[in-house]
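*Asks:* Here is what each chain is made of, one letter per residue.
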Amino acid sequence: MATVTAAPFSQVDTRRASGRPLGEVNPLIYLVLIIVGIASLIPFVWMVLTSVKDYGDVVSLRFWPWPPLGNSTPRFDNFAEAIRLIGVDRDTGLPMFFRHVLNTAAVTAIVIASSVTTSVLAAYAFAQLEFPAKNALFILVLATFMIPEELILVPRAVMMNKNYLNWYNTLPAMVAPFLANAFGIFLIRQFFLQIPRDLYDAARIDGAGHMRYLTLVMIPLARPAILTLALLEFIWTWNEFRWIQLVTSSSNMRTVSVGLVGFLQTDGGAQTQLAMAVAVMVVLPVVVLYFFTQRYFTEGITTTGLKG
Amino acid sequence: MVTAENVHPEPGWRLGKAREALLAYALLAPALLLFIAFTFFPIGFGLYISLHNWRLGPREFLGLGNYIRALSLNSEFWPSLGATLTYSLLAVPLQISIALTLAYLLFQKIRGKSLFRVVMFLPWVTSTVATAAVWARLYSPDIGLINGVLKNLGLTPLRWLLEDKGVFTLIARGLGVALPDWLRGPSLAMVAVVIYTTWVFVGYNMTLFLAGLGNIPGEMYEAAKIDGANGWQLFRHITWPLLSPTTFFVVLITVIGTLKAFNHIWVMTQGDNGTQTASILIYRQFYEFQRAGYASALAFLLSAVILVVTIVQNRVAAERVNY
Numbered sequence: 001m002a003t004v005t006a007a008p009f010s011q012v013d014t015r016r017a018s019g020r021p022l023g024e025v026n027p028l029i030y031l032v033l034i035i036v037g038i039a040s041l042i043p044f045v046w047m048v049l050t051s052v053k054d055y056g057d058v059v060s061l062r063f064w065p066w067p068p069l070g071n072s073t074p075r076f077d078n079f080a081e082a083i084r085l086i087g088v089d090r091d092t093g094l095p096m097f098f099r100h101v102l103n104t105a106a107v108t109a110i111v112i113a114s115s116v117t118t119s120v121l122a123a124y125a126f127a128q129l130e131f132p133a134k135n136a137l138f139i140l141v142l143a144t145f146m147i148p149e150e151l152i153l154v155p156r157a158v159m160m161n162k163n164y165l166n167w168y169n170t171l172p173a174m175v176a177p178f179l180a181n182a183f184g185i186f187l188i189r190q191f192f193l194q195i196p197r198d199l200y201d202a203a204r205i206d207g208a209g210h211m212r213y214l215t216l217v218m219i220p221l222a223r224p225a226i227l228t229l230a231l232l233e234f235i236w237t238w239n240e241f242r243w244i245q246l247v248t249s250s251s252n253m254r255t256v257s258v259g260l261v262g263f264l265q266t267d268g269g270a271q272t273q274l275a276m277a278v279a280v281m282v283v284l285p286v287v288v289l290y291f292f293t294q295r296y297f298t299e300g301i302t303t304t305g306l307k308g
Numbered sequence: 001m002v003t004a005e006n007v008h009p010e011p012g013w014r015l016g017k018a019r020e021a022l023l024a025y026a027l028l029a030p031a032l033l034l035f036i037a038f039t040f041f042p043i044g045f046g047l048y049i050s051l052h053n054w055r056l057g058p059r060e061f062l063g064l065g066n067y068i069r070a071l072s073l074n075s076e077f078w079p080s081l082g083a084t085l086t087y088s089l090l091a092v093p094l095q096i097s098i099a100l101t102l103a104y105l106l107f108q109k110i111r112g113k114s115l116f117r118v119v120m121f122l123p124w125v126t127s128t129v130a131t132a133a134v135w136a137r138l139y140s141p142d143i144g145l146i147n148g149v150l151k152n153l154g155l156t157p158l159r160w161l162l163e164d165k166g167v168f169t170l171i172a173r174g175l176g177v178a179l180p181d182w183l184r185g186p187s188l189a190m191v192a193v194v195i196y197t198t199w200v201f202v203g204y205n206m207t208l209f210l211a212g213l214g215n216i217p218g219e220m221y222e223a224a225k226i227d228g229a230n231g232w233q234l235f236r237h238i239t240w241p242l243l244s245p246t247t248f249f250v251v252l253i254t255v256i257g258t259l260k261a262f263n264h265i266w267v268m269t270q271g272d273n274g275t276q277t278a279s280i281l282i283y284r285q286f287y288e289f290q291r292a293g294y295a296s297a298l299a300f301l302l303s304a305v306i307l308v309v310t311i312v313q314n315r316v317a318a319e320r321v322n323y
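In order, the protein sequences belong to chains Z and W. In this text, residue positions in the first sequence follow the numbering used here: the first is 1, and each later residue adds one. In this text, residue positions in the second sequence follow the numbering used here: the first is 1, and each later residue adds one.
Because the hints were derived from the structure by calculation, they are not lab data.
To be clear about the criterion: a stretch of chain W counts as covered by chain Z if any three or more of its residues have a C-beta under 8 Å from a C-beta of chain Z, and this derived list gives those stretches:
1) 22-36
2) 283-291
3) 295-305
Result set (SDA-like, lysine to any residue): computed pairs, CA atoms no more than 20 Å apart in a straight line:
4) W:Lys260 - Z:Phe145
5) W:Lys17 - Z:Arg204
6) W:Lys151 - Z:Trp64
Incomplete in silico selection of chain W near chain Z, CB under 7 Å:
7) Phe45
8) Gly46
9) Ile49
10) Leu56
11) Ile110
12) Val118
13) Val125
14) Ala133
15) Ile143
16) Leu145
17) Thr207
18) Asn263
19) Ser279
As the structure is a prediction and not an experimental result, all values here were calculated from the model. We put the CB at the ideal spot given by N, CA and C, even for glycine.
Bound-form chain Z, shown alone (with noise of 0.2 Å):
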């Protein structure tokens, strides 16, 4: 099986010989990519830091105001006042940034379910099935990466209201854009290709059909590049911000990044440690998941390459 899995994602094997053996790698190369590392971080850094001073140290401009260079104590009690000052939910009585998290969660597993599924049944046809207009077919599932979002942003929002689906500040308006998409049917079929052909025909003499050959075979064999879109829908979708704002108007009804967003407009966002808090607390299951499993995002950008 490693053989197979490995095939489509070879590409990404940096370490083919570039040429050059190790001992003549010029140490200015290691100054530049440590002073683009830092760079990188820094943002990231400062947001943490700053999340946990408290106000006179953040208008002091101290990047570093605890011991040893300082004498304040880390605030851990700025995440507490920042989920205190979003509010609370009328609803369920939780606080509302919960309300948020959670408002996340089920949009981003219903996003996840929905276009794994979607991807991985039509991927399967256009890799395995020969039928009338598949070319055309196909053709028509990539005209969906061609079509820029900003074309169909607005008339997207004007279906959800109450002339026209009136789905407008529910749950399926918030999903209905992103339940199937083009990168994941690509990124799939692909993989499907991949796998020879011959394990069909030996499934077949065992007497299996279709279904069962996608769900026993195929669909075990594919789990990296599965695993690969579930990851990039999670990131994109836990991101996802200018559909949510559209089609929501009730804070109960907002996702994190809108919530962050609108707390920054507020009294309590405008001191930057308790905005940074909730920053902080935005990034964190991304950095966290990212950190577990970044191989699958770079193998899954650059197989298919698609979609900045």
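Could you slot chain W onto chain Z? The hints should help.
*Replies:* For chain W alone, coordinates are given in the frame of chain Z:
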């Protein structure tokens, strides 16, 4: 399940084909129906909306009225298109050149390669809303880290995202020269947004370049080295031409991405201080003023620009790229 064609190849063949096609359509149906409902239908619906004065529903038919308004001389569409193109022209070369340089450096046999990659890719993974909020505070004139560093270095602090003056005007003023208005250049706020964008996307583009570099056969370098090529010659005559499909692809998606940029600009400036790009204008017209018809017309115009840019890039690529 034994299919018919195993037993009777001749008559069963057609039945098998028909069943296979039916199964295929059934498997494609969920995705295709969703695309039709939420992608293809909205294009036609958007066209219809754009021909009307539209609030919650159609008020009156305007024909091309919204387009004429958008294209009239004093419309806000032209400045927004200018801001969009300025953003693109600043961000694309900066992102691509840094990403390619970093990919080339990382492609050498160095230690800690994957750690560098993971760290540089991180900004792309995290929520643009959250990181843009962080950068907006880093740029803060009073309490931002960036002005703090400038002050410590004895330099003049700047107003960054709050500055609508052009960067050339500011530089000239620093040198004691007054520039005519048409030479003002992009606003400092725009440049600040571009710096943020570079921070977000360099790791992503670098990852694509690294994959492209990995596809160049190592023997090419060996052969060239035997012929006595030096480092620059290797890059100029082997890496650059063989990498051109990747470069073209990265440039294409970066250009399209910059033409559509929205989230971070919205969070950092809401489109103020010379950063009202076309996608910000569309969103404002719809979200703040409920002008669905006008916003749809603007969206069609922006999409036409994106389409033209894509076609031009493809033409250029057909001449220049070595496949």
